[in-house]
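Taking the hints into account, I'd like the entire structure generated from these sequences.
Letter by letter, the sequence shown follows residues 32 to 145 in the working numbering.
Just so you know, the hints here were simulated from the structure itself, not pulled from any lab data. Note that beta-carbon positions come from the ideal geometry of N, C-alpha and C, so glycine has one too. It is possible that part of the hints are untrue.
Computed Cβ-Cβ distance ranges for the label pairs, DEER-style [what the hints assert, rightly or not]:
(1) Glu-142 - Asp-49: 28 to 38 Å
(2) Leu-73 - Asp-39: 44 to 54 Å
(3) Ala-74 - Arg-50: 37 to 47 Å
(4) Ile-79 - Ala-136: 24 to 34 Å
(5) Ile-118 - Gly-94: 16 to 26 Å
(6) Lys-131 - Arg-55: 43 to 53 Å
(7) Val-82 - Leu-108: 16 to 26 Å
(8) Glu-135 - Arg-97: 44 to 54 Å
(9) Glu-48 - Asn-72: 32 to 42 Å
(10) Ala-136 - Gly-94: 44 to 54 Å
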Amino acid sequence: MSDPDPTDPSDRLRRLEDRLRAARADLEPAPHQETHYAQANLAWRMVIELVAGLSIGFGIGYGLDRLFGTMPIFLILFIFLGLAAGIRTMLRSAREVERKRLAEAAEEKGEGSG
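Take a look at the structure:
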């Protein structure tokens, strides 16, 4: 058995790959960071859904008021309808996320007991 030749390209490549694997193992992100980003994305999604509902309601109400010449009536009505639609969409998103979390928890519990 001879010692590895430091100038041998295949030996140098193997050592470099080993060092890269060790460095990548140290760089794995902490799980709390992924959870934090997921929660922030969910919060932004809900804010955008609410603002979109209000904006659409405002646009429709303003357009109808301009069309019929009844300035504040449809504007106020559709702003409240847009608010209700935005809240309803936010609640639907929250239920969807809750269902995913429950499914993941049930899956983990099933794997842990089996």
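Verification of the supplied hints:
1. For the hinted restraint 28 to 38 Å between Glu-142 and Asp-49, the CB-CB distance of approximately 32 Å keeps it satisfied.
2. Checked against the given bound of 44 to 54 Å, the beta carbons of Leu-73 and Asp-39, roughly 53 Å apart, stay inside it.
3. Distance hint check: the CB atoms of Ala-74 and Arg-50 are about 40 Å apart, consistent with the given range 37 to 47 Å.
4. The supplied range of 24 to 34 Å is met by Ile-79 and Ala-136, whose beta-carbon atoms lie about 27 Å from each other.
5. For the pair Ile-118 and Gly-94, the beta carbons lie near 22 Å from each other, so the given range of 16 to 26 Å is met.
6. The hinted window of 43 to 53 Å between Lys-131 and Arg-55 is violated, with their beta carbons roughly 29 Å apart.
7. Separation of Val-82 from Leu-108 is about 19 Å and conforms to the stated range, judged on CB atoms against 16 to 26 Å.
8. Restraint check, Glu-135 to Arg-97: a C-beta distance of roughly 49 Å satisfies the suggested window 44 to 54 Å.
9. The given range of 32 to 42 Å is respected by Glu-48 and Asn-72, whose C-beta atoms sit roughly 35 Å from each other.
10. Separation of Ala-136 from Gly-94 is about 46 Å and conforms to the stated range, judged on CB atoms against 44 to 54 Å.
When held up to the earlier numbered hints, the structure conflicts with hint 6 and nothing else.
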